[in-house]
Structure formats: structure tokens, C-alpha cells
Amino acid sequence: MLDVMRSRLSPISRRRLAVFHHNRRARVSLWVFLALFVISLGAELVANDKPLLMQYQGDWYVPLVVDYPDTEFGGFLPTPADYRDPHTRNTIEAEGWMLWPPVPYSYNTLDMGLEHPAPSPPSAEHWLGTDDQGRDVLARVIYGFRLSVVFALILTIGSLVLGVLIGGVQGYFGGKVDLIGQRLTEIWSGLPVLFLLIILASMVEPNLWWLLGIMLLFSWLGLVDVVRAEFLRARNLEYVRAARAMGLPSHLIMWRHVLPNAMVATLTFIPFLFTGGITTLTALDFLGFGLPPGSPSLGELVAQGKNNLQAPWLGIVAFMTLSIMLSLLVFIGEGLRDAFDPRHIQHAGGQAGTRTPDDD
Amino acid sequence: MTEQPLFQLDQLHIAFDGTAVVEDLSLEVHHGETLALVGESGSGKSVSALGAMGLLPANAAIRGSRRLAGQQLEGLTQRDWQRIRGSRVGFIFQEPMTSLNPLHNIGKQIGEVLRLHQGLTGQSARKRARELLERVQLPRAAELLDTWPHQLSGGQRQRVMIAMAIANHPRLLIADEPTTALDVTVQQEILSLLAELRDEQGMGMLFITHDLNLVRHHADRVCVMHQGRMQESGEVRDVFTQPRSDYTRALLDAEPSGRPAPVASSRLLLQATGLSVDFQRPKKLFQRRPPPFAALQPLDLQVSPGETLGIVGESGSGKSTLAQALLRLVPSQGEIDFDGVRLDQLGQRDMRRQRRRFQVVFQDPFGSLSPRMPVADIISEGLRFHHPELSPATVSQRVAATLQEVGLPEGCAARYPHEFSGGQRQRIAVARAIIMEPELIVLDEPTSALDRSVQAQLVTLLRELQRKRGISYLFISHDLAVVRAMAHRLLVLKDGVVVEHGYCRDVLESPASDYTSALVNAAGLTASSE
Numbered sequence: 001m002l003d004v005m006r007s008r009l010s011p012i013s014r015r016r017l018a019v020f021h022h023n024r025r026a027r028v029s030l031w032v033f034l035a036l037f038v039i040s041l042g043a044e045l046v047a048n049d050k051p052l053l054m055q056y057q058g059d060w061y062v063p064l065v066v067d068y069p070d071t072e073f074g075g076f077l078p079t080p081a082d083y084r085d086p087h088t089r090n091t092i093e094a095e096g097w098m099l100w101p102p103v104p105y106s107y108n109t110l111d112m113g114l115e116h117p118a119p120s121p122p123s124a125e126h127w128l129g130t131d132d133q134g135r136d137v138l139a140r141v142i143y144g145f146r147l148s149v150v151f152a153l154i155l156t157i158g159s160l161v162l163g164v165l166i167g168g169v170q171g172y173f174g175g176k177v178d179l180i181g182q183r184l185t186e187i188w189s190g191l192p193v194l195f196l197l198i199i200l201a202s203m204v205e206p207n208l209w210w211l212l213g214i215m216l217l218f219s220w221l222g223l224v225d226v227v228r229a230e231f232l233r234a235r236n237l238e239y240v241r242a243a244r245a246m247g248l249p250s251h252l253i254m255w256r257h258v259l260p261n262a263m264v265a266t267l268t269f270i271p272f273l274f275t276g277g278i279t280t281l282t283a284l285d286f287l288g289f290g291l292p293p294g295s296p297s298l299g300e301l302v303a304q305g306k307n308n309l310q311a312p313w314l315g316i317v318a319f320m321t322l323s324i325m326l327s328l329l330v331f332i333g334e335g336l337r338d339a340f341d342p343r344h345i346q347h348a349g350g351q352a353g354t355r356t357p358d359d360d
Numbered sequence: 001m002t003e004q005p006l007f008q009l010d011q012l013h014i015a016f017d018g019t020a021v022v023e024d025l026s027l028e029v030h031h032g033e034t035l036a037l038v039g040e041s042g043s044g045k046s047v048s049a050l051g052a053m054g055l056l057p058a059n060a061a062i063r064g065s066r067r068l069a070g071q072q073l074e075g076l077t078q079r080d081w082q083r084i085r086g087s088r089v090g091f092i093f094q095e096p097m098t099s100l101n102p103l104h105n106i107g108k109q110i111g112e113v114l115r116l117h118q119g120l121t122g123q124s125a126r127k128r129a130r131e132l133l134e135r136v137q138l139p140r141a142a143e144l145l146d147t148w149p150h151q152l153s154g155g156q157r158q159r160v161m162i163a164m165a166i167a168n169h170p171r172l173l174i175a176d177e178p179t180t181a182l183d184v185t186v187q188q189e190i191l192s193l194l195a196e197l198r199d200e201q202g203m204g205m206l207f208i209t210h211d212l213n214l215v216r217h218h219a220d221r222v223c224v225m226h227q228g229r230m231q232e233s234g235e236v237r238d239v240f241t242q243p244r245s246d247y248t249r250a251l252l253d254a255e256p257s258g259r260p261a262p263v264a265s266s267r268l269l270l271q272a273t274g275l276s277v278d279f280q281r282p283k284k285l286f287q288r289r290p291p292p293f294a295a296l297q298p299l300d301l302q303v304s305p306g307e308t309l310g311i312v313g314e315s316g317s318g319k320s321t322l323a324q325a326l327l328r329l330v331p332s333q334g335e336i337d338f339d340g341v342r343l344d345q346l347g348q349r350d351m352r353r354q355r356r357r358f359q360v361v362f363q364d365p366f367g368s369l370s371p372r373m374p375v376a377d378i379i380s381e382g383l384r385f386h387h388p389e390l391s392p393a394t395v396s397q398r399v400a401a402t403l404q405e406v407g408l409p410e411g412c413a414a415r416y417p418h419e420f421s422g423g424q425r426q427r428i429a430v431a432r433a434i435i436m437e438p439e440l441i442v443l444d445e446p447t448s449a450l451d452r453s454v455q456a457q458l459v460t461l462l463r464e465l466q467r468k469r470g471i472s473y474l475f476i477s478h479d480l481a482v483v484r485a486m487a488h489r490l491l492v493l494k495d496g497v498v499v500e501h502g503y504c505r506d507v508l509e510s511p512a513s514d515y516t517s518a519l520v521n522a523a524g525l526t527a528s529s530e
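Protein sequence lines correspond, in order, to chains A and B.
Under our numbering, the first sequence has 247 at position 247, and the numbering climbs by one with no breaks.
Under our numbering, the second sequence has 443 at position 443, and the numbering climbs by one with no breaks.
With the rest of the complex left out, here is chain A (with noise of 0.2 angstroms):
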């Protein structure tokens, strides 16, 4: 099966993939992370207040995916089913089975039955302890970790195709293009971000999303130097000069030609975007102008862990959630790297690298 996927690929990519395998750190850092983020997409299979599976009185129940009312349950409310509810799990218990969670807690789960006052250390129950609301902080960092991803992941694709667009014309058309487009994003940077952050955190409640445009609209501009340097060098590269004799329209100049030849120096420049991206939204969870209260967020485990010296396991388990994560990433970056760089694909393929014999 990965033989007949890395068969169709072109033998540069195989090539890259192979200088990539060859780099051990990095293979291992990513395989970790992939598997924490897999892990973590399915948060609700590892860690819900919801039993995955469960039968009572002889009928099949999916609590994960259905919400049933409490006077299922032999309740007296419509309301849904609270399933850690000691009365309801021993009506249920009576007559079938609950199939939990490993983590029977969601981010946003109050655990009333806890024997310490919250924050609570870690126990057999709460395996990294609770907050100093009471949730549980393996929920809650399971939870945080995948929002981090993915706001990190959403954050650099965009600003990769932005930031390439925006460099891209910039530096291919040069001229007035180039110097109008330049002065234009030297305004454009000179803006506080932060600011407008604290503005509009004043102004409506700020989701995910919200965090994301308003972050969109300026992470681009450290890519745009570097690709339009790479675009200004290459447009006057023979190769772009023959392409243009060719009859080839601009755009597909710059996508065929000069973008591949550009995106190395682009691509060192991901890692830096994506925990970059991780950085900022934690640090405004952290500040408390970040996404709403109640999220999942390691940012607010941060200042959770600040604010409770006297439970540290607080800010260790934010702590080393936050740098593992960080580090996994700069490894593979580095890895990525290394593997577009031509000069390593040369050397890698061993033969590849040679010269074939001049046969002219």
C-alpha cells in the first residue's frame, strides 16, 4: 500500500521523503505528534462526562451522539440526562450497563464529589488533579491541545496562501507593483494588533473564529518578505526568462516556475508561523482577551497555574503540555526543512546526487 503510494510520487518527493525518513528526531517527533493529534480529534472517544455505550432495560443507548431527556432515565425533568448524577447512574446501573470513557470527564464537566477543595492534586480519579473550578485538567488539556492544533493549523494555511499571494505578485511584477504593495504593508504592520484585540474583545464576545480573522489579517506580513525576495531573485533566472519566451501567461509562470523554487525558503518559515500561532492564542487566553470563558484553552491553564502557587501541579502539567508540543513541532519543522532543501536531496540519494557519466 506505501509502496504504491510513494510510487506514483514524483522522485524529487521521494527523494525528500527519504532525506526526511533518514532524519530520526524528526520521524520520531512527527509520528508523536500524529498520533496526540489523532488522539486528541477524537477527544470526545477519550474524554466525555457522556458514556460511549450504554443498555438499560434491555434497549441500546449512544449517549455520545444522542441526547436523552432525564425522565428516560426515570427522571421527573425533560432536561438531558446527566449520566454522573449518582441517582440516575444507579437507576441505570440496576438494570444494564455504562461503558465510560478512560477519562470519564469533559473540559467542561464539574466534578462535585471531590474529597479535596478544587484545585484537587492529582488522584486515582483525577489523574492529573483538577482545577480550581473543579474539572478535570487531562479533559481539559486534551481538549486544549486539539483547539491549539487546529487554531494553529487554520492560522498558517491562511496566512501561507496570503502571504504567498501578496509576496508572490509582489515580487514577480516588481516596479511600481512592488513599491506601492511594499509601502502599503509597512502601514498595514505598523498596526497593534493587540490592541485591536482588546478593542474588539470589548466590543462583541470573541470566539474561535473572530480570534482567527482578526490574527489572519496580520500574520502574513513576516512571509511576504521572504517571498517576495524569493520572487524578485527568481524572475530574472534564465529559466523564467525561457518560460516567458515559451508564451507561458504570468500565472502560470509563477506557479509552475517560481514557486516551487521559492517555497524552501517559505517553507523554513512554517514551523516558525505554527507555534508562532500556538504561542499567540495561549498567551491571549493567558491575558484573558482570548476565547470565551469556559474553554477548553491551555492558555487559561496558565494563569490557573499562576494564580494557584499552592497546587503546582497546575502549571507543570501546562507547562510541559506547552513545550512538548512546541518542541515536537520545531523537530519536524527542522526535519521538513532539511528535506526541501536541495542541496541535502544531492547528497541523500547517494547516486542521485552523482553525475551520470558525460556521455556527450
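It should be emphasised that the hints constitute simulated quantities derived from the structure, not laboratory data.
These numbers were taken from a predicted model, which means no experiment stands behind them.
In this text, a Cβ means the ideal position worked out from N, Cα and C, and glycines have one as well.
Hints are supplied without guarantee of correctness; some may be wrong.
List time: in silico DSS-like cross-link candidates among lysine-lysine, alpha-carbon distance up to 25 angstroms [claimed, not checked]:
1. B:Lys127 x B:Lys108
2. B:Lys284 x A:Lys176
3. A:Lys176 x B:Lys283
Here are the computed distance ranges between Cβ atoms for each label pair [as the list claims (entries may be wrong)]:
4. B:Gln348 x A:Pro260: 20 to 28 angstroms
5. B:Thr394 x A:Pro260: 20 to 28 angstroms
6. A:Glu186 x B:Val497: 41 to 49 angstroms
Got chain A; can you put chain B on it based on the hints?
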């Protein structure tokens, strides 16, 4: 008893990380003579000279005996080497553009050599530097001391390099391709200057070059290298008249020969009338914009189907500008008529459609192919764009046929440009041009970056394609030997002005202008081999 040689290498072996690059090289240079070390690129000629002087990186292993004026060169300390280099041995390198430090003025750079080896400082160093600049026949030597490298031309910079090399009266001068980057007429001046200095100071000279013409006229003895081995050595006259090794014979025969097939048609394919190119100069603050720089004065030219028009000139003569103006890659004035279509009046879109009919091959075989596309994509790109109706199978068929036509091995379609040698890359560039079935190909110095033997093969290929397909060529070159083998008619350009225009043989055999005859003399063409 024979005189002891000035510089002697005995059974020199050089290896990089265990890979031998030079094997069993023995040579000697005597006082007052020039030994030419000849070979094609990669033959190990520069490595030998650098290795003999201990200038190779640490991963090079050198064996064999080396002597300079009786002194053993093995096992010298870094300090000993520093005393030898620059004072008893002078170096001149190929690239005059990069071998001078752009951040120091000329006087300071020469002064540094004098300070290090003779302890001269201040006014005395300056005075000596001026004498040196006068010695290498640079005009206005006193003013030149305060100029910066970028203000000098290539030839002038090379003279400055020579001044630095001879500043400390070296016994041995190593000139590594000293004139390769220069125009032919400047080449001659530099080489006669070197010969004059050699005789005057009784130096020995090790002259590294790939150009047999230069060896013939400027060296006493020659040593031919091929793939790290010495093939032959001896007096220049003997080696040239009676080469003993096969390789030398092949090298001597490699000069492009023959003539293009005669032109059948008298119809005109391309006609340019009053074509000129101006470059706008930058406007200074609060000043009027200076008049534009005329890169190309108005000129007329015609090309018939199946004909080759050679455009000859030195660097800066406007020959590449002319090609780009005809292709409408730079803005120009004047009429360009291509097979009844006025190219200068076409809009962007119509122009792109016309581009299929005239293609271009550039000089640098390493820069003109996109490094991230496989050969098949590079060659078929224009075809796929101009004929989107073709199926992928037809396209790859056409690619295979074209690769075969330009003499590239089968199965190289999936490989990437960096896997090919310079000559093969240039064939790929030719394949990219002919797959579009153009009526005209502009060849912008297609052979300049190639070795002589590869040049001859490319010229043969191009002529063959012309004969089969009836393509017209616009052949731009500074190399008269190649032009003679390619062109029917010639256009000689100097500083953007047409100096001479006529049939190739007439122009080369009886040049009408002084400039053309200077070019012909400098090129040292051997008798036409028809």
C-alpha cells in the same frame, strides 16, 4: 649540465576523501618560460596548481614531491607557506569580478600585499602601488589608487590582479584561466602583458587554461591533462603538429568545423526595421532625468527560412539585448515583422500565441532549466500549454521522439536537470525549443559555457536540426570559430551599433572594419576547414 628547474612537481597525487582527482603528475617550469597546463573542465588542472601550493581544503590528501627554486614544499608550516605565497609565488585567478574585495579601494588592496611582504607603509607603499599600476599599463594610475573595484572593467580588474601578483617580484606566476572571463581583444592584451612581465623579471609562468588557441600563441611548453592524468607534455610546436596521445588529437580536432547547409529560400521570415532599445536612466532628486542609454542603435536585419544569422560582438555590445528585443522580452522601438505578423503591435495575449513559433536557448545550461521539474515536464511544458488538446500519451510520445532527436539517452525523461552534464543540459534546452516546431530559434551564446569538444557536438546537432527541419537561427556568440561553423551571414555589433554586416565568409576573410579585423586576429582562427 642542465639548469635546475624553478618549479618541479614529481609524481603528484591528490585525493579528496579517498577519491583520486590527480594522479602521477610530473612537470617542471624553468626560469623565463611559460608552461601551459591544458585540459577540459574537471580534468584536475586547477586542483594540481592549488594542491602544489597547499591551498586545498583539509580533506585533500597530497602525495609526491614538490620543489620551488630548490626548496622542498612538503611539511612546511603555515608561517612558511605565508612567506612563500604572494612573495615568491604570485597568483592570478579566473574571476576578476570576485577576486578583488569590493569594500577596499585599489590602492589599499595593493598596499596590503606590499605591507605584508615588504613592510612598506604610507607614502612609500602608495608610490610603489602607483608604479605597479603603471607597469601593468593602466592609464591614470594615480587616480586609480582611490577607485573601487566596481568602477573598473573586467580587463582593468585583471590588470590590478596582475599588479598585485607581481608586487613582490615572484619567481613563479600561477595564472589560473586568467582571461577566460574577458573579451577576446582584451584577452590578447592581458596575455602579451603577462609575457612581457615574464621576460622582464625572468619569472616562470604556469598558465592554466582550456583554450588551445591561447596555448598555441602564448606558451612555450604544454602539458595536457585529462581526468586527473597527464596525457602528454612537450614543446608547444611538437604537441600541436604531432600529438602523441589520442586525447590530445581529439582535443585538437575538436575545433568546430564545417559549414551550414546552403539556404534554399529567398523568402523573408523575420524582418526588423529600425529596431532600437533604450534603457531609462534613474532620475536623481531635483534633477532632470538624464537622456536614456541607447543599448541598441536603430538597425535593420532579415532572416530567411533555414538561414542562420550570426550576431557577433564583445560583452556590452548589445547582442543579447537585440535577441531579447526581437523576442519582445524587453521593450523596443521599431518594426518587427515575423512571417507577415507585426510582432511589435500585438497585444499580450496575441503575442503569447505567436511565441510558439520562435523559441530561445540561453547561455547558461545550469540556470535555464528549472531545477525542480523533471526533464519531461520541462520539455513538454510549452507543448501542453499551446496545445491543451493533446493527450498525455501523445505528449510523452513527442517528448521521447524529441529526446531521441537531440541525442539524449532514452529514459532520462523522468530525471532532473542536476543529474546531467552541461552539454546534456544544453541538449535539453534545445529539445524544449524544437518540440514546439518553431520556425526560428534564438541561440544566445549556447556554446559559451561548454568545453570545446562538447561545443563541436552541439554545433553539429544544431546544423543537423536545421537541415532536417528548415529552422532559422539567430546565433549570438562572441566565439568566431563557432560562429563560422554555424552562420550564413554575420552581423558585427559594437556598443549597440552595427559595425559590419555581410556573408560570413566575406566578413571573416576580408573584414571591412578595423574592429572586425581585430576580432578575427584575436580569435586566432586556423585556416577554414572546408
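We went through each hint and held it up to the structure:
1. B:Lys127 x B:Lys108: Within the cut-off at roughly 12 angstroms; holds.
2. B:Lys284 x A:Lys176: holds, 17 angstroms
3. A:Lys176 x B:Lys283: Distance ~15 angstroms between Lys176 of chain A and Lys283 of chain B Cα, so the pair holds.
4. B:Gln348 x A:Pro260: 20 to 28 angstroms: Given range 20 to 28 angstroms: holds, Cβ gap about 24 angstroms.
5. B:Thr394 x A:Pro260: 20 to 28 angstroms: holds, 25 angstroms
6. A:Glu186 x B:Val497: 41 to 49 angstroms: holds, 44 angstroms
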